[in-house]
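J.: Protein sequences appear in the order of chains A, B, C and D. Residues 36 to 390 (the numbering used here) make up the first sequence, in order. Residues 36 to 390 (the numbering used here) make up the second sequence, in order. Residues 36 to 390 (the numbering used here) make up the third sequence, in order. Residues 36 to 390 (the numbering used here) make up the fourth sequence, in order.
Be a bit skeptical, because a hint or two may be false.
One copy or two, either will do: identical chains are not told apart, so a pair holds if it fits within one copy or between any two.
What the hints assert, rightly or not - When the alpha-carbon atoms are kept at most 30 Å apart in a straight line, the in silico DSBU-like pairs for lysine-lysine are as follows: (1) K39 with K194; (2) K213 with K329; (3) K240 with K329; (4) K79 with K329.
Everything labelled a hint here was simulated from the structure, so no lab data went into it. This one's a predicted model, so the numbers in the text were calculated from it and none came from an experiment.
Number of protein chains: 4
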Amino acid sequence: MKDKVQTAIVGVTGYAGAELARLLLHHPRLKGLPPVFAGRLDDKDMARGGVPLAEIHPQLADSHGNGLLRLEPFSWELLAERGVDVLFLATPHEQSRQWVPEALLRGMRIIDLSGAWRLNEAANRAVYAFDDHDSEQAAATQAQAVYGMPELHRAEIAKARLVANPGCYATSVILAVKPLVAAGLVNLNHGIVADAKSGVSGAGKAPTARTHFMYAADNLSAYSVFSHRHTGELLEQIGLSAEEIVFTPHLLPIPRGILSTVYVQFREPQTRASIAHAYREFFAASPMVRLYEKALPQIQHSVRTNYADIGFQLDAAGSRAVVVSCLDNLLKGASGQAVQNLNVMLGWPESEGLE
Amino acid sequence: MKDKVQTAIVGVTGYAGAELARLLLHHPRLKGLPPVFAGRLDDKDMARGGVPLAEIHPQLADSHGNGLLRLEPFSWELLAERGVDVLFLATPHEQSRQWVPEALLRGMRIIDLSGAWRLNEAANRAVYAFDDHDSEQAAATQAQAVYGMPELHRAEIAKARLVANPGCYATSVILAVKPLVAAGLVNLNHGIVADAKSGVSGAGKAPTARTHFMYAADNLSAYSVFSHRHTGELLEQIGLSAEEIVFTPHLLPIPRGILSTVYVQFREPQTRASIAHAYREFFAASPMVRLYEKALPQIQHSVRTNYADIGFQLDAAGSRAVVVSCLDNLLKGASGQAVQNLNVMLGWPESEGLE
Amino acid sequence: MKDKVQTAIVGVTGYAGAELARLLLHHPRLKGLPPVFAGRLDDKDMARGGVPLAEIHPQLADSHGNGLLRLEPFSWELLAERGVDVLFLATPHEQSRQWVPEALLRGMRIIDLSGAWRLNEAANRAVYAFDDHDSEQAAATQAQAVYGMPELHRAEIAKARLVANPGCYATSVILAVKPLVAAGLVNLNHGIVADAKSGVSGAGKAPTARTHFMYAADNLSAYSVFSHRHTGELLEQIGLSAEEIVFTPHLLPIPRGILSTVYVQFREPQTRASIAHAYREFFAASPMVRLYEKALPQIQHSVRTNYADIGFQLDAAGSRAVVVSCLDNLLKGASGQAVQNLNVMLGWPESEGLE
Amino acid sequence: MKDKVQTAIVGVTGYAGAELARLLLHHPRLKGLPPVFAGRLDDKDMARGGVPLAEIHPQLADSHGNGLLRLEPFSWELLAERGVDVLFLATPHEQSRQWVPEALLRGMRIIDLSGAWRLNEAANRAVYAFDDHDSEQAAATQAQAVYGMPELHRAEIAKARLVANPGCYATSVILAVKPLVAAGLVNLNHGIVADAKSGVSGAGKAPTARTHFMYAADNLSAYSVFSHRHTGELLEQIGLSAEEIVFTPHLLPIPRGILSTVYVQFREPQTRASIAHAYREFFAASPMVRLYEKALPQIQHSVRTNYADIGFQLDAAGSRAVVVSCLDNLLKGASGQAVQNLNVMLGWPESEGLE
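One chain only, chain A, in its complex shape (with noise of 0.2 Å):
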């Protein structure tokens, strides 16, 4: 490894893509300014050689109201000629599925934002209709990629060429859920409900019927029943069948954060602190996740940090468990997450740059 890590963004106009800017913009370790990248720029935006990302992303302007980054048209030539080490695609995942090979190629490791490569089964990935489902070159990379969620697989992470960075979701289920079905202690015939709820930011930046303010304010909405994209994750990272657990996610008139309510029943009775010893146990090695001894997390604490806050209660037998598990679905639940891989992948402390 070089002195001095150069790292890139693809895609930045989006919410997790300016957070990404945010963060690789102060990380300590990271001096120089990362480049970043648009897929597409129109002629006008071309003729002027890019865009001011503060024209984007306001709140990215720096004391002069002029911003330090540039979003500029992206090309594999620019990249090489900035030298660059580790590759941030924020991209849609059609567009991450064409050109993670080619970056792989061409040396660079990859932490991809996208869901174009993190299910391993083919019947998980049926839901994204990917056109390169037989391709050779895709099952290789596939092959290659490892899951992002450092509290689950820190040390190939470390390793990997290509990071598939987790899904909001899926992250605010998974780390809820999977130190409990780890342990033996879920009993999983009685299936696992996993009802989450998310803020706008969830839904893209693009202005659509969902995301206006009249359809989101005052309201509350259940979507994707029994088919959204982030199951495949959790069957495949908890290790369930599709009839072990049901999840539905439910839009939140709130801008950002993830709460999951999820609902286990266990083989054997617990108590407080048998189920507190699993958790602490799973994640003693993991500085992103906040126990909670007593109170339950709320949405409000972790958002604008990168921590998954956990907490549970137990029925008075000793049966049932209500986890409830918080996060920031533009951080932990995106590009938080992203540079906790990064931090692993540089062998650099987890949580550098993220509090």
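Assemble the complex: chain A is given as a structure, and chains B, C and D must be docked to it using the hints.
T.: Using the frame of chain A, we list chains B, C and D on its own:
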């Protein structure tokens, strides 16, 4: 029954009380103004003979900003003087517990919006810690109480002298689950999960740390896990043991509305048609329930109406359903349902004054 | 006038159109259903003979979720067939500009909710860039138009064939300022400031960057400074030159409601009583204006009513006032005022169907 | 000055105190933890030697959920023991009024966030009703106080022993108006209008009727018209008589942020360039003010930053301007500005720890 029915409200300073006053004021079969009484008034307000209700609830003011209703100090004599036939109590449950026996003795019919008389089982009532638990009068009164959900107990409500108006969460969950359980479809061994989310008006008008804008806004939090007072209503009305359901309430950052997401497993595979049939049968005579054929209901659609909106999705195998139930916690969840009960008690069309 | 008045609406897919449909549906003097027409329908909807309005506005659904109103393709023949007496246009201003002359020829009375016919002065109309500015027919139509604010033009509205329903901001500011200017109290040399704030429904139903939840929520922004289209209405109706008032609209993070804070300087010192007197005199016959005696109005109190609420504070010297004016932008600011105009045109009580 | 500066905070339970603790904890030139003191602790908390700050402000918790800071009972002895150089008071103004003279005697430098020492004129101080108005000690202390707005008083702050940190509204309005008045451009005969809107955190952490979610949400209200406590700061710092400005605060339904819309008339016609020049000159050495060249600032862009954002629009004649000023009421409007003052007092870069 007299030509003209005289109603009265005690306890009108909260959100449900204000909605009730508004509904009774505009009810087409109630010509005169309903007298409204405060359980307690301070000396200053006593000295001026009560308080114009528009001072407390400006939205009840008329075109001259004055308001027609006046909050008077409560007395049994005044109730008798006004010839009150039906008494609405929107008082704390301790107060309802004290006053209802007296009101029955005085020949009034009562619709009590508190939790005082909703629960038949002593075990379920324990959460309220009533101090009259071994009183014969209390037992006799309880024996007369009818649970005021017309969709379940229409015939009994018509004859009842004491109607115990249901809890807001309980209404939301019971209407979603009861038709499926009553039709014998649900596998209760697997446990029902009711994940409910309510707007802040459900938390009452008193300023507290939890109702502070800075706590509730941009937030979501679970509370009273495994211990909410409405749980007993679910058990008794649906006919479940405590192990057969988990109910978790959450505080939503919106003023009004409840959405409950309910998870059930079936004994045998079902079709969309078979489930829709079960709901249609159960609610055939119920004008205040709207069944959604395709889309799922959202909080926005039921808020400021007295409708309970119910929709569902089945999984591919037909073995599990996610049922979504929405209502306005102050209307179908409280005062609207109280007026619906009034209509049933008096033999009027059930939705009179509610559309 | 026939026994039964037949109304119709064209353009009912927006927020104001939905409110108008709701109001007409429940108006006690309009027995039948109002036909509702779309300016344009796509082929699929044409093929099925229109669209159930409840598909577009679920809150207009009845207890069976179906809705009573059906959006039909517009045609003059259909209007004639239904015997429409009063036509409401909730169409874009270009469309109202085209259709109104034809509707007048066909003998209908018209209430136009757009900005098409509100402005008498060509200079003020320039902001709309109408393409018929030198048309004789347009001039003749404009000459018939009456500005539809009953508090200012009640007698003319009663006789009008074409009522130009005012802008929401304009209603809010004119009602606050006109009584003081009309009474000769205001020192116009000092300039009036009208700082107005509106909920997001005022920005329309089309999803745009500005109506995205992430833009509007937790935010406040000023826009159209010195250039908002409603400014001409202020000048013409209050009787001011452009130098005598500054009007600044802001986008509030709430669904509905406008609050305008208006600053005036008086020619001579005033008392609370003298100002209150001026308002009371001006609004003596106006049932839809509520004057606040002590407190200032708030958006919450007027939302979901057709009232304009007005209150004020004087400085110690009595030389300046801050006037606060609140209304619901979709009711008194649009559809409620349109129904108020209907009532005036037909000689019905002005607040019929609006309380 | 010692190698290492020791700060302390008294009064850290409110929103501004929590932000201040967070800023000092992460300030790159303040290595140790700042001790934090409560003015008063109840017996139970005294018995356990104070309160972990994370219990009160969960967002200050570290990765183990414990938090590093502990709220201790205040005593002068403890302050001395810790060798405190700079004392921040985030206490009620009565308490600051009592403690500051003592702290000065004990040789500490003080940054007081309350309104206790901001006002030089007795007439302006009257709104606070201090009970020491004829005390010589109070007068002597007041004489030492410097108004803590670096953009106006940088040199004096550098030498000050007592810095009176400005009010949030005052900061917002002064920064918008002062440069234009200082340049002699404003026609004060016409009166300046400052229409300001603040998020709910400005109303304090105590649960009250006004901070209840049901009051603040979906609402907007004006308050303290012609009587807000920050008015005196505007008069003294801009140099105006009471007749030359009207200031109206409003309560916005958002957690944080202030937007002030300010209306000025010029003595002579101005151009966009001449006004921009006046601002640029005035703020040439001020890193925490961002001047907007084209667009107007919005609350969202300055929230969670220490920037004051300023933009403006001129009318066609160049005779009037609407100036829009945005800031975060807890940062540039309180604790961020306090840290900015600390930086100036210690000769550190002004934006240290604030970007």
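J.: Kindly indicate which numbered hints from before are broken by the structure, ordering the numbers from low to high.
T.: No numbers; nothing is violated.
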